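Participant: Chain by chain, the residues:
There are 2 protein chains.
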Amino acid sequence: PATEMAEKAQVHLDNLTKPRGALGRLEQVAARLCIIKGSLELKQPTCGAAIFAADHGSALDGVSLYPREVTAQMVYNFLSGGAAMNVLCRQVDSVVKVVDVGVDHDFEDAPDLIHAKVARGTKSFLREPAMTREEALDAMMAGAKVARELIDSGCDLLIPGEMGIGNTTSSSALAAFFLQKNPAEVTGRGTGLDDEGLARKVDYIKGALELHKDLNPCDSVGVLAALGGLEIAAIAGYALKAASLGVPVILDGIISTAGGFVACRICPEALPYFFSGHASVEKGQAAMLKGMALEPLLDLDMRLGEGTGAALSVAVVRAAVAIFNEMATFESAGVIGHED
Amino acid sequence: PATEMAEKAQVHLDNLTKPRGALGRLEQVAARLCIIKGSLELKQPTCGAAIFAADHGSALDGVSLYPREVTAQMVYNFLSGGAAMNVLCRQVDSVVKVVDVGVDHDFEDAPDLIHAKVARGTKSFLREPAMTREEALDAMMAGAKVARELIDSGCDLLIPGEMGIGNTTSSSALAAFFLQKNPAEVTGRGTGLDDEGLARKVDYIKGALELHKDLNPCDSVGVLAALGGLEIAAIAGYALKAASLGVPVILDGIISTAGGFVACRICPEALPYFFSGHASVEKGQAAMLKGMALEPLLDLDMRLGEGTGAALSVAVVRAAVAIFNEMATFESAGVIGHED
Chain A
96 PATEMAEKAQ
106 VHLDNLTKPR
116 GALGRLEQVA
126 ARLCIIKGSL
136 ELKQPTCGAA
146 IFAADHGSAL
156 DGVSLYPREV
166 TAQMVYNFLS
176 GGAAMNVLCR
186 QVDSVVKVVD
196 VGVDHDFEDA
206 PDLIHAKVAR
216 GTKSFLREPA
226 MTREEALDAM
236 MAGAKVAREL
246 IDSGCDLLIP
256 GEMGIGNTTS
266 SSALAAFFLQ
276 KNPAEVTGRG
286 TGLDDEGLAR
296 KVDYIKGALE
306 LHKDLNPCDS
316 VGVLAALGGL
326 EIAAIAGYAL
336 KAASLGVPVI
346 LDGIISTAGG
356 FVACRICPEA
366 LPYFFSGHAS
376 VEKGQAAMLK
386 GMALEPLLDL
396 DMRLGEGTGA
406 ALSVAVVRAA
416 VAIFNEMATF
426 ESAGVIGHED
Chain B
96 PATEMAEKAQ
106 VHLDNLTKPR
116 GALGRLEQVA
126 ARLCIIKGSL
136 ELKQPTCGAA
146 IFAADHGSAL
156 DGVSLYPREV
166 TAQMVYNFLS
176 GGAAMNVLCR
186 QVDSVVKVVD
196 VGVDHDFEDA
206 PDLIHAKVAR
216 GTKSFLREPA
226 MTREEALDAM
236 MAGAKVAREL
246 IDSGCDLLIP
256 GEMGIGNTTS
266 SSALAAFFLQ
276 KNPAEVTGRG
286 TGLDDEGLAR
296 KVDYIKGALE
306 LHKDLNPCDS
316 VGVLAALGGL
326 EIAAIAGYAL
336 KAASLGVPVI
346 LDGIISTAGG
356 FVACRICPEA
366 LPYFFSGHAS
376 VEKGQAAMLK
386 GMALEPLLDL
396 DMRLGEGTGA
406 ALSVAVVRAA
416 VAIFNEMATF
426 ESAGVIGHED
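Taken in sequence, the protein lines are chains A and B. So the first sequence is numbered by this note's numbering: it starts at 96 and just counts up by one. So the second sequence is numbered by this note's numbering: it starts at 96 and just counts up by one.
Bound conformation, chain A alone (with noise of 0.2 Å):
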């Protein structure tokens, strides 16, 4: 049935007043979409974002450029409005939710802030498993609850986003070993380290993998919860649920895309959900896309993760879903069309 309704929707398409092809990956998008809906009737989306915050051991031991602090700061920075997926967000009218799954800080309630605090933050995966498995499924199972709040609401395209000093450290320690690549393959700067940091932040991911070399690779909950954050593990359920649900996912930078390749490894189903939002300058990114057969929309050099990347590509899923209804065909618009 997939194969079909991609084939009827290339039939619509080929019958717009253009060449055919030419609108590219808004054509491949618009077709993804009429598959994942199974219909030809596609509406715009309306976009919801859940930002999923939570500590990290690994910032503890000094492997980030910002102190762990900052992961609860930018809370409030994001529950006042002012982080920059929140700016990316209004452009695209998505409400932005922002979930504490495992921050090492007591937030108030505040009106989008949603209470889901399974640990303090997670061990350091170089001396111990960062979360115990349940902890992972905790987690997991928080994020799986948000998706279908947000679905509930109306929201027809989710967006994964995240914070948490010392996830782009997790996020390669988990390509690295699902992927058996070298850390220094999948390893970036995360938020500016230098040559020498870098090479710290390599060592540690070694050193984890070292201790951690006799995990199952089919055990993905189990490699999550040894190598993952909590954040990660609830973007990996919040993703299998909206896939679950029949909910396309655009995957932001990294982190998300940890979440959302987590996500498939558990559940291969779930990837013909997924959009890849934009590359990010992490390398690691790049490796997992190419994991999950995934192309990026987007190519900005951006690397602030946050779920910025994919927000600002709604615009293309908008657009391409604005060409898919409202264009003229051959026919109607009495243009001569192709030859056959």
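Among the hints, erroneous ones may be present.
Identical copies go unnamed one by one, so any copy, or any two together, can satisfy a pair.
Stated by the list, open to error - Computed list of lysine to any residue pairs in SDA-like fashion (alpha-carbon distance at most 25 Å, straight line):
#	residue 1	residue 2
1	192	421
2	103	162
3	192	413
4	192	429
5	378	305
6	218	431
7	103	396
8	385	291
9	103	155
10	192	114
11	218	190
12	138	190
13	240	284
14	308	246
15	138	396
16	132	312
17	103	362
18	240	295
19	192	420
Quick caveat, the hints were computed from the structure, so don't treat them as lab data. Remember, predicted model here, so these are calculated numbers, not experimental data.
With chain A's structure known, arrange chain B on it following the hints.
Facilitator: Positioned in the frame of chain A, the structure of chain B alone reads:
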């Protein structure tokens, strides 16, 4: 003063709650707009697009896949709002004017149509100059007038669009001549030529370059008249007028980029006002962009022209302005910033 404004813009960007440079090209776009406006007070641009339509002598020689009548048919499609360019301009609230600068058809009056016919298409540049020098200048003036009108009506970001069966051939000829490239290096499949059609197109351009080999490359208007099109000349005038009035211009695919490229040959001071909206599949565009040191904002495998890639990229420009204007600073948000 440009350097000074760039520094001031960067100081502001570096104070926003994100790692330095983490928003990549968005930061560059915002800084470039500050330089253009000579101010750190950016406002969301009001967008105006003009689609310059004209016919080409080469289309009568069978170089193109579509018959020449399609130019006029597409003008009607633009006027009734059914073309891809209309759809994408609606997405970014841009007005779309359609300018008959040289279509071989008589149009009735219509609300968004501007009559500015200089000739009923160009001559075949395989046998004679496509235009007289006077025609090229008249078309440039027509484009300049449209730019002025759009700006007078409140637009402060202009998109040059185009329609003209045969106009990729003309654009590739201009690229080959000015950049001293073998035509095969800068000629693409246009609306979808097969290998044989592409080889014919390359031969056609080679023949034209041979005929016009004594042109003085410093006489940019002379070269434009010999190898260009009425819509390409109009775009050059439109882009030059916008730049002279301090208004940025987003170039689109190979034809629009050829217009911008000729504008820069005539007046290099216009270049700082130009952005490149997207990387076209037509390879001549990349060569001209390299010649202007412009990097496209999007790369979505598009090759439709009309202005579509530029219109789509307005979302990126809007995002850049919003980031610059709306993000909290480290100080205002109480977030620990950079160490220095």
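Participant: Work down the list of hints and note, for each, if the structure agrees.
Facilitator: Consistency of the hints with the structure:
1. In this homomeric assembly, residue 192 and residue 421 come within 25 Å of each other (Cα to Cα) only across copies, at 19 Å, whereas the closest approach inside a single copy is 32 Å.
2. In this assembly of identical chains, the alpha carbons of residue 103 and residue 162 never lie at most 25 Å apart, being 52 Å within a copy and 27 Å across copies at closest.
3. In this homomeric assembly, residue 192 and residue 413 come within 25 Å of each other (Cα to Cα) both inside a single copy, at 21 Å, and across copies, at 23 Å.
4. When the C-alpha separation of residue 192 and residue 429 is checked against a cutoff of 25 Å, the pair qualifies only between copies, where the shortest distance is 20 Å, while the shortest distance within a copy is 47 Å.
5. In this assembly of identical chains, residue 378 and residue 305 lie within 25 Å of each other by CA distance solely inside one copy; the values are 22 Å within and 48 Å between copies.
6. Taking the closest pair of Cα atoms, residue 218 and residue 431 come within 25 Å of each other only across two copies (23 Å); inside a single copy the shortest separation is 65 Å, beyond that limit.
7. With identical chains, the CA atoms of residue 103 and residue 396 are at most 25 Å apart between copies only, with a shortest distance of 21 Å across copies and 36 Å within one.
8. For the homomeric pair residue 385 and residue 291, neither the shortest alpha-carbon distance inside one copy (28 Å) nor that between copies (35 Å) is at most 25 Å.
9. When the C-alpha separation of residue 103 and residue 155 is checked against a cutoff of 25 Å, the pair qualifies neither within a copy, at 54 Å, nor between copies, at 35 Å.
10. Taking CA atoms no more than 25 Å apart as the test, residue 192 paired with residue 114 passes between copies only; the shortest distance there is 22 Å, against 41 Å inside one copy.
11. In this assembly of identical chains, the alpha carbons of residue 218 and residue 190 never lie at most 25 Å apart, being 32 Å within a copy and 55 Å across copies at closest.
12. Proximity of residue 138 to residue 190 under the C-alpha cut-off of 25 Å is found in both arrangements, the shortest distances being 18 Å within a copy and 23 Å between copies.
13. Taking the shortest alpha-carbon separations for residue 240 and residue 284, neither the intra-copy value of 32 Å nor the inter-copy value of 50 Å comes in at or below 25 Å.
14. Proximity of residue 308 to residue 246 under the C-alpha cut-off of 25 Å is found in neither arrangement, the shortest distances being 38 Å within a copy and 64 Å between copies.
15. In this assembly of identical chains, residue 138 and residue 396 lie within 25 Å of each other by CA distance solely across copies; the values are 24 Å between and 30 Å within a copy.
16. In this homomeric assembly, residue 132 and residue 312 never come within 25 Å of each other (Cα to Cα): the closest approach is 33 Å inside a single copy and 55 Å across copies.
17. Neither within a single protomer nor between protomers do residue 103 and residue 362 lie at most 25 Å apart by alpha-carbon distance, with minima of 28 Å and 49 Å respectively.
18. When the C-alpha separation of residue 240 and residue 295 is checked against a cutoff of 25 Å, the pair qualifies neither within a copy, at 37 Å, nor between copies, at 60 Å.
19. Only between protomers do residue 192 and residue 420 lie at most 25 Å apart by alpha-carbon distance; the minimum there is 22 Å, versus 30 Å within a single protomer.
Checked against the numbered hints above, the structure violates hints 2, 8, 9, 11, 13, 14, 16, 17 and 18; every other hint is satisfied.
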